[in-house]
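Trainee: In case you want the letters, here they are:
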Amino acid sequence: MANWGMVIDLDKCVGCQACSLACKAENNVPHGTPYEHDRHHDMYWHKVIAAHEGEYPAVNTQIIPMPCMHCSSPPCVNVCPSKATFKRGDGIVVQNFRRCLGCRYCIVACPYGARNFNFKDQQDEEYQRPDLPPDLAAEVGGLKYGAEIGPWPYPHRTRGVVEKCTYCFHRIDEALLRIENGADIKIGVDVVPACVEACPTEARFFGDLDDPESTVSRLLASRTYIKLREDMLTNPKTIYLPR
Amino acid sequence: MNETAADKPNSPEPKRSNGFKISRRAFLGVSGAAAAVLAVVLALKRPKFGPDQGFETQETNGLARDENGLPAEVLIPTSCLNCPTRCAVRVRRVETTLGKTKVVRIFGNPASTYSDGRCCSRSHVGLQVLYNAGRFSMPLRRRADVEKGRAVSYENDFEEIGWDEALQEVAGHIQGTTPDRLLILEGLNTTSNEDLIHQFALACGTPNLFKEEGLETDADRRGKMLADGLGNSGYELVSEDGTSAKYIISFSSGIVESERPLARNLRLWGKMRRELPNRTKVVSFDPRHSVTASRADEWHPINPGSEGALAMAIAHVIIAEGLYDADFIANHAEGFEAFRTVALAHQFSPESVSEACGVDAETITKVAREFAQARPAVAWSGEAATGWAYGTFASHAIYCLNALAGSIDVPGGIVYQQYPPYAPMPALPVSQTGITYYDMDQAAGGMATAIGFNSNLIMSVPESGEGAKWDQRLKDLYYVHVGPARSEMAAYADIILPTCTYLEDWGYESAIPGSGYAEARIKQPVIDPRDESRPPARVIFDIATLLGQAAAFVPPSSGVTGDSQSFPEQFAAYRTSPFIAWDDFKRVGVWKGGAYSYRSYAFGNFRFHSEGLERVRNVDLPREEAPYGLELAIYRPVLEIRGGSQNFPWAQEMYLVMHGRGWKNLVELNRETAHRLGIGEGDEVIVESAFGEIEGEAAVIEGMRPGVVAIATGQGHFASGEFADDIGCNPMEVMGTEYDEESGQPTLFSTRVGIRKA
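Line by line, the protein sequences give chains S and Z. Note that numbering that gives the first Met the number 0 gives residue 128 to position 129 of the first sequence, counting from 1, and the numbers run on in steps of one. Note that numbering that gives the first Met the number 0 gives residue 402 to position 403 of the second sequence, counting from 1, and the numbers run on in steps of one.
Treat the hints as calculated values from the structure; they're not laboratory data. There could be a bad hint or two in this list.
[Claimed, not checked] In the EDC-like style, the derived pairs of lysine to aspartate or glutamate whose C-alpha atoms are separated by at most 16 Å in a straight line are:
#, chain 1, residue 1, chain 2, residue 2
1, Z, Lys99, S, Glu125
2, Z, Lys99, S, Asp123
3, Z, Lys99, S, Glu124
4, Z, Lys270, S, Asp10
5, Z, Lys270, S, Glu201
6, Z, Lys280, S, Asp10
7, Z, Lys756, Z, Glu692
8, Z, Lys99, Z, Glu694
9, Z, Lys756, Z, Glu694
10, Z, Lys474, Z, Asp144
[Stated by the list, open to error] Computed list of chain Z residues with no C-beta within reach of chain S, every gap over 10 Å:
#, residue
11, Gly133
12, Leu229
13, Lys280
14, Ala344
15, Asp527
16, Leu545
17, Gly561
18, Gly592
19, Glu610
20, Asp619
21, Glu624
22, Glu652
Treat the numbers as computed from the prediction; the structure is a model and nothing was measured. Where is the CB? At the ideal position from N, CA and C, for every residue including glycine.
Build the full structure now, drawing on both the sequences and the hints.
Mentor: Structure, rendered in structure tokens:
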């Protein structure tokens, strides 16, 4: 089974936030309001942050796109009392909204601020995607939909649970099914998460970290890379290439 | 947690709670049965589009499944219009099980090589432009007894009227106005609609057509035209065969933030940084540590308005050290000797300019040497460099650096944009229209009637605050607003004609300067126009018909029928017929012209203009004295949607990426300046000038030249809707009017302000 990871080249990234917007559109993540923004109650599965250092005129700003790190040793999974958050076989850390109690231990445990608590009932927006989620009865990549992880209530959210980035696993699973049925497509090339697809500078790459031929593996072999907060032994699979 | 059957994904239009509670076991049984019924319903009642929709080649049912049982892709090629770059996009449309059509995603179109099939963050906001709650559903007429003003209530101040009545009234007003008292305002519009508006102005016989894009670009354009006379020059940066600019000097330009063509700049930035053999070096001179400055290799903070002087100092070094491209100068340029004399004068020596621009002479000399020796090298003039009273000359000085480095008409340098060979529109008795901001500002008091096509004038001109010049003028005019949604200009309207958005419109777009080669992109409706809204082309055609000018747009031989409903599509098909079949255009969405031929020097000789250049030396430095010692600089963040409204929550909640702030713009100050003024982070402050005052939240930062106040544009709306109104402030309201004398552009950077705590 693949070990999905994402590589983000900070030298190419210019902070345009197409990734954040594509994520919102792809996953029906509700937009916030000024009130929620001031209280950090608005939801982002993906956010671009800017970190400033130095004093005028020696100023340096790092612009860092922040999806979930999909840690190999995810602290959020360790603390979840209801096993609502777990790591799939392919390494993607997902959240089962139906099991989630809303205790928010995972939000406290996550060193990256990648998790959001859903404080409100989502309004119906006309542009939301009724075609989500993959309503698959079949077994894909060793995962049985319906039986193992349950159908995913994407078009509509549940108030009082925690949500997070999924590396757009619905796209990956759909592609796996297509591949099973003989389609000539490659995950990481033809099928990528929405943020990777939307990046106008092509700063983001997605693929199998265990496949030495994949773009992500080659990039990691050719450049210095950073894993955020490596000292916390989370071993993230979202990896950055510095400038 | 309680769930109902409707909670199951893929069920029709699910509702979350109806107060009906059942146990989990019962739920499973019920939902299983419901799913079975649903599957049957889905199979029997799979909605389809009729053949009249024109997308027969695609599987159009969003919830239709392919052979793998997965949703089939439905992608309709069209183009964006959230900024003037107008990228080719593909729009995903689905149909719900209830037969409701939804537009759910916007992607780039890989057929467009202009930006490698990429589009920027603004394009995604198109969904909220389409489904904006502030859209007009019917033509509106101001009630007789209601005065115009900022405190508008669209429900109470206007009455709904029919299209026929509205069009009759507008046509009557135009007929009752002499052409020289008729003003036509053009905001951001589709290229095809711009062509129609231009022709419409000619048909009305008015010279008073004002393009609002000129508020930002006229001085820059004029300065470049002094040299080449063409007005279509663009920065290619990376040629099709992969030759890239090796060195870029950004003169206060937001190359990856706001400079057009934005999506192309972003894509090429990625290429220049990591994908090509020679990494491009970028040096940013900017008073503000902008996104571009932060991504550049070097940032040198300079005094606002000193970019032109700095360019001349760089020219001074290049000429003095003989580093210029002698071959280009000898064979393709004129006026160099006079330019050389001006540039070598003492006032433009690095030592002399150093004080004015606040960059030390060694840095200027170093950058000049690097620039001249790394070819091709590009000097990019930003809006903040040219929005001054001497803006044309500043633009020209910067442009001349490109000539000195031999970057004119070479791969990766400056190229001259080609345009698609559109079919002709008829010649009319009046053949000239178009005025500068200066002319309009002088004549506006005498105007009687104005028509604004998606105009955003009141938000983008100086002296626009309550009770100020433009507020009063718009109250006095009979104003017809033609646009899709609530906006500040609509608040001043006597009649509002609701047009559809760009995602519901027919038309074509031309690629703006940047690529060299021509590219055309289609606009086709991805969904039927909402409510009673109509394509702008149809509105223009209908008014012209009432004025007896229906023949002004296409020649009789074009085959376009006089049917108003089908006119927009037929017009676009006729205009693009010389180079692409309409069905192919609808299917692919993009047409690309032949390869660009470099070194053709279409302008003849590059003219070094030396008269008046010394004016760029008149830099007014920030001062400490009260009351107005600080320099006000505006900037345009990437998520400022350029279509006239900002009522889009996605754009609003990520508005200022450098500050991590949304739903706001900030009054940005250097820490030292803030300390001197006794202002702290997050303080509510009042920014005041001789022309007005605004209130905002202070942001105390390191990345700002002391003595400068920067405020992002795009906020301070008052009549656009719940996600835009009363958020932030509009810096235009404190600006005074001054012009660039050559181009008539208002100077958007020369106002001085004072700041105090609120």
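Trainee: Hint by hint, say whether it matches the structure.
Mentor: Here's how the hints hold up against the structure:
1. Lys99(Z) <-> Glu125(S): It holds: about 10 Å lies between the C-alpha atoms, which stays within 16 Å.
2. Lys99(Z) <-> Asp123(S): With a Cα-Cα distance of about 14 Å, the restraint between Lys99(Z) and Asp123(S) holds, given a limit of 16 Å.
3. Lys99(Z) <-> Glu124(S): 13 Å, holds
4. Lys270(Z) <-> Asp10(S): Within the cut-off at roughly 11 Å; holds.
5. Lys270(Z) <-> Glu201(S): 8 Å, holds
6. Lys280(Z) <-> Asp10(S): At roughly 12 Å apart (the allowed maximum being 16 Å), Asp10(S) and Lys280(Z) satisfy the hint.
7. Lys756(Z) <-> Glu692(Z): Holds, at roughly 12 Å.
8. Lys99(Z) <-> Glu694(Z): 44 Å, violated
9. Lys756(Z) <-> Glu694(Z): Holds, at roughly 9 Å.
10. Lys474(Z) <-> Asp144(Z): 14 Å, holds
11. Gly133: 14 Å, holds
12. Leu229: Holds: least Cβ distance 28 Å, greater than 10 Å.
13. Lys280: Lys280(Z) is indeed farther than 10 Å from all Cβ atoms of chain S, at 13 Å.
14. Ala344: About 29 Å separates Ala344(Z) from the closest Cβ of chain S, which puts it past 10 Å; holds.
15. Asp527: 14 Å, holds
16. Leu545: 34 Å, holds
17. Gly561: Given that every Cβ of chain S is farther than 10 Å from that of Gly561(Z), nearest at about 35 Å, it holds.
18. Gly592: Answer for Gly592(Z): holds, closest chain S Cβ roughly 23 Å.
19. Glu610: 35 Å, holds
20. Asp619: 21 Å, holds
21. Glu624: Label holds. Min Cβ-Cβ 22 Å, cutoff 10 Å.
22. Glu652: 5 Å, violated
Violation of the numbered hints given earlier is confined to hints 8, 22; the remaining hints are satisfied by the structure.
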